[in-house]
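K.L.:
Okay, here's what each chain looks like letter by letter:
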Amino acid sequence: MSENILEVKDLCTSFFTDSGEVKAVNGVSFNLSPGKILGIVGESGSGKSVTAYSIMQILADTGKVVSGEILYRGENILNYDKRQLKDFRGKKCSIIFQDPMTSLNPVYTVGNQLMEGIMLHTDRNKEQARERAKEMLELVGVNEPARRLKQYPFELSGGMRQRVMIAMALACEPDILIADEPTTALDVTIQAQILELMKELQKKLGMAIIMVTHDLGVIADMCDEIIVMYGGRVCERGTAEDIFYRPGHEYTKGLLRSIPQEDTNDRLVPIAGTPINLLNMPKGCAFCSRCDAAMKICLEEKPPEMQMPDGHYASCWMNVKKQYEENEGGAGNE
Amino acid sequence: MSNDNGYLVEVKDLKEHFPVRTGFFEKTMLKAVDGVSFQIKPGETLGLVGESGCGKTTVGRTLLHLYKPTGGQILFEGEEVTENNINEYRKKMQMVFQDPYSSLNPRMIVEDIIGEPLDVHKLYSSKGERREKILGLMETVGLNAEHATRYAHEFSGGQRQRIGIARALAVNPKFIVCDEPVSALDVSIQAQVINMFEDLQKKLGMAYLFIAHDLLIVKHISDRIAVMYLGRIVEIGDADEVYHSPKHPYTVSLLSAVPIPDPKTAKERQRIILSGDVPSPMNLPSGCAFRTRCPYATEKCAAECPSLTDRGDGHMVACWNK
Numbered sequence: 032m033s034e035n036i037l038e039v040k041d042l043c044t045s046f047f048t049d050s051g052e053v054k055a056v057n058g059v060s061f062n063l064s065p066g067k068i069l070g071i072v073g074e075s076g077s078g079k080s081v082t083a084y085s086i087m088q089i090l091a092d093t094g095k096v097v098s099g100e101i102l103y104r105g106e107n108i109l110n111y112d113k114r115q116l117k118d119f120r121g122k123k124c125s126i127i128f129q130d131p132m133t134s135l136n137p138v139y140t141v142g143n144q145l146m147e148g149i150m151l152h153t154d155r156n157k158e159q160a161r162e163r164a165k166e167m168l169e170l171v172g173v174n175e176p177a178r179r180l181k182q183y184p185f186e187l188s189g190g191m192r193q194r195v196m197i198a199m200a201l202a203c204e205p206d207i208l209i210a211d212e213p214t215t216a217l218d219v220t221i222q223a224q225i226l227e228l229m230k231e232l233q234k235k236l237g238m239a240i241i242m243v244t245h246d247l248g249v250i251a252d253m254c255d256e257i258i259v260m261y262g263g264r265v266c267e268r269g270t271a272e273d274i275f276y277r278p279g280h281e282y283t284k285g286l287l288r289s290i291p292q293e294d295t296n297d298r299l300v301p302i303a304g305t306p307i308n309l310l311n312m313p314k315g316c317a318f319c320s321r322c323d324a325a326m327k328i329c330l331e332e333k334p335p336e337m338q339m340p341d342g343h344y345a346s347c348w349m350n351v352k353k354q355y356e357e358n359e360g361g362a363g364n365e
Numbered sequence: 041m042s043n044d045n046g047y048l049v050e051v052k053d054l055k056e057h058f059p060v061r062t063g064f065f066e067k068t069m070l071k072a073v074d075g076v077s078f079q080i081k082p083g084e085t086l087g088l089v090g091e092s093g094c095g096k097t098t099v100g101r102t103l104l105h106l107y108k109p110t111g112g113q114i115l116f117e118g119e120e121v122t123e124n125n126i127n128e129y130r131k132k133m134q135m136v137f138q139d140p141y142s143s144l145n146p147r148m149i150v151e152d153i154i155g156e157p158l159d160v161h162k163l164y165s166s167k168g169e170r171r172e173k174i175l176g177l178m179e180t181v182g183l184n185a186e187h188a189t190r191y192a193h194e195f196s197g198g199q200r201q202r203i204g205i206a207r208a209l210a211v212n213p214k215f216i217v218c219d220e221p222v223s224a225l226d227v228s229i230q231a232q233v234i235n236m237f238e239d240l241q242k243k244l245g246m247a248y249l250f251i252a253h254d255l256l257i258v259k260h261i262s263d264r265i266a267v268m269y270l271g272r273i274v275e276i277g278d279a280d281e282v283y284h285s286p287k288h289p290y291t292v293s294l295l296s297a298v299p300i301p302d303p304k305t306a307k308e309r310q311r312i313i314l315s316g317d318v319p320s321p322m323n324l325p326s327g328c329a330f331r332t333r334c335p336y337a338t339e340k341c342a343a344e345c346p347s348l349t350d351r352g353d354g355h356m357v358a359c360w361n362k
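Chains A and B are the protein sequences, given in the same order.
Letter by letter, the first sequence follows residues 32 to 365 in the numbering used here.
Letter by letter, the second sequence follows residues 41 to 362 in the numbering used here.
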């Protein structure tokens with residue numbers, strides 16, 4: 032139990048909208064060990080951000096965790112009261128958002144916003160908090176930290192703002208940092224700066240990172256372990272090497288085929304169809320309507336999570352079929 | 041068709057400066073594009089890459105006179121495109137926009153969105169012919185005929201981009217400016233749209249100016265690549281050549297910053313991290329605009345701006361040191 036800093040068990044989060052219940056996250060489980068970088072990858076609507084928001088308990092009013100458990104060091108945070116949650120957010124687990132332009136408050140100075148969190152979660156006084164804020168800005172590579180503390184977010188560039196966000200998130204030394212598409216709004220060269228910074232800070236401070244992104248390149252670069260999500264469910268989870276070199280789910284395979292490669296200009300193989308409508312989920316596998324290899328059972332029944340020969344997990348009926356065929360000595364079963 | 045050099049589009053020293061109010065009476069010129077020249081052959085794809093604010097979108101828009109150029113020349117098939125004859129040329133040059141959500145009129149049905157260029161240029165003689173053409177275009181881009189009477193909001197992002205492409209194809213253009221056409225789409229849909237661009241080019245023989253910031257995609261689709269930094273082209277050449285053996289220090293660092301979807305190469309390779317941010321285009325550094333972030337910068341770079349010089353096989357680089 033104590034090995035993992037965070038355990039998510041069968042998490043289901045729904046949004047109750049006018050057009051019905053939207054099951055944004057539908058039975059997601061994973062573990063996060065201390066000091067590791069876990070990547071959650073998926074397309075828009077796959078439930079990756081909602082998973083992150085569920086952990087932080089910052090869902091919109093219409094959203095609710097319907098079932099499942101989120102265990103932080105063995106304690107279910109879903110049972111936390113308001114005070115405990117306040118303590119959890121920021122101090123034990125913090126989040127940085129995609130858009131550094133809109134996630135900072137435009138009418139307060141950077142220093143003000145940085146110090147707010149520090150004063151809330153630690154017993155530092157204003158002067159000490161200012162010192163700490165300055166220290167944090169230095170740590171994340173913001174030049175002239177003393178001057179920056181007095182500046183407003185609009186006076187900073189996008190990369191600088193994201194650095195301020197990271198400083199804010201790490202000011203109280205959380206065990207877990209959730210990064211929700213932290214570099215999507217940034218240019219490639221700035222993205223590289225921020226990713227390097229995050230890796231460096233992770234080594235220095237030793238927190239675990241959950242990296243939520245749609246960019247397979249960022250995932251490959253940063254993460255030790257990867258979860259691939261589609262339609263609110265986990266398709267596959269394993270190490271970066273497992274996912275990229277030995278994908279065990281048809282969706283992951285399709286995703287990897289559909290991105291251009293460095294060394295060839297061969298025609299891309301796209302995934303047919305359009306992303307899933309969460310209001311109208313199929314009975315079986317979420318991906319079955321776009322899957323080339325879909326069988327009868329894929330339409331009817333949710334695929335079970337199965338351990339692959341190399342130890343990683345995938346939820347695809349193809350693997351069940353393959354295993355069955357191997358056991359039967361190659362006899363067909365369809 | 042009196043062009044002797046065989047270029048479809050030729051851009052010579054294109055400049056686009058925007059006045060920006062910086063004080064009560066003051067105006068500063070924002071040099072979005074500052075002396076850009078390139079050529080595109082018929083049926084060729086030129087990829088244009090660079091970070092935000094480098095002027096790549098402005099180049100595309102100025103080519104179609106969506107902005108009036110401050111200086112320079114745009115030649116189409118050897119003849120100059122000016123404000124007076126642009127309407128004629130919009131039958132030959134079209135544009136696909138980045139955001140498929142805001143570039144389609146929400147009050148128009150698909151049939152009218154695609155039909156609008158036909159109406160503007162009076163490319164049909166009867167209502168029946170118009171409808172036939174529209175349905176043909178929809179088929180070309182992989183849309184169902186029964187979708188013709190729907191509104192844009194009823195479609196997904198990928199399908200909307202198809203509508204935008206059908207609209208651009210309506211006048212049978214020889215040249216399309218594609219301004220980040222796949223950036224707003226999901227990974228699995230990007231490949232569909234890129235393949236469609238390639239198929240259409242094979243079938244209809246159009247030339248593309250493909251503007252994007254995703255270097256892997258640009259390398260994939262382009263014959264040649266031009267790299268822009270702060271309003272100027274710093275390197276241009278064959279796509280594989282530029283991607284695999286870049287010369288300009290900016291291109292080198294840009295490429296090393298691209299996330300590679302392969303854990304082994306991603307973890308092994310050395311990144312060249314550029315320090316600092318892009319300078320403001322309203323207050324450009326003297327000489328070479330890249331010198332403030334360049335590891336090789338010398339005094340000469342501050343004094344004089346390098347121009348593009350050929351390093352063999354049409355691989356042009358603007359740098360004093362490399």
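None of these hints come from the bench; they were simulated from the model.
The structure presented is a predicted model; accordingly, all values stated were derived computationally and were not measured.
Ideal Cβ positions, reconstructed from N, Cα and C, are used throughout, including at glycine.
Among the hints, erroneous ones may be present.
Said to hold, decoys possible - Under 7 Å between C-beta atoms, here's a sample of chain B residues computed to sit facing chain A:
hint, residue
1, Ala231
2, Pro303
3, Ala306
4, Leu314
K.L.:
Let me know if the C-beta of leucine 314(B) comes in closer than 7 Å to any C-beta of chain A, holds or violated.
P.N.:
5 Å, holds
K.L.:
Measuring from the C-beta of alanine 306(B) to each C-beta in chain A, is the shortest one below 7 Å?
P.N.:
4 Å, holds
K.L.:
Answer holds if the nearest beta-carbon of chain A is closer than 7 Å to that of proline 303(B); otherwise answer violated.
P.N.:
Status holds, d = 4 Å.
K.L.:
Taking 7 Å as the limit, does the beta-carbon of alanine 231(B) come near enough to a beta-carbon in chain A?
P.N.:
Constraint on alanine 231(B) satisfied, holds at 3 Å.
Checked against the numbered hints given earlier, this structure breaks none of them.
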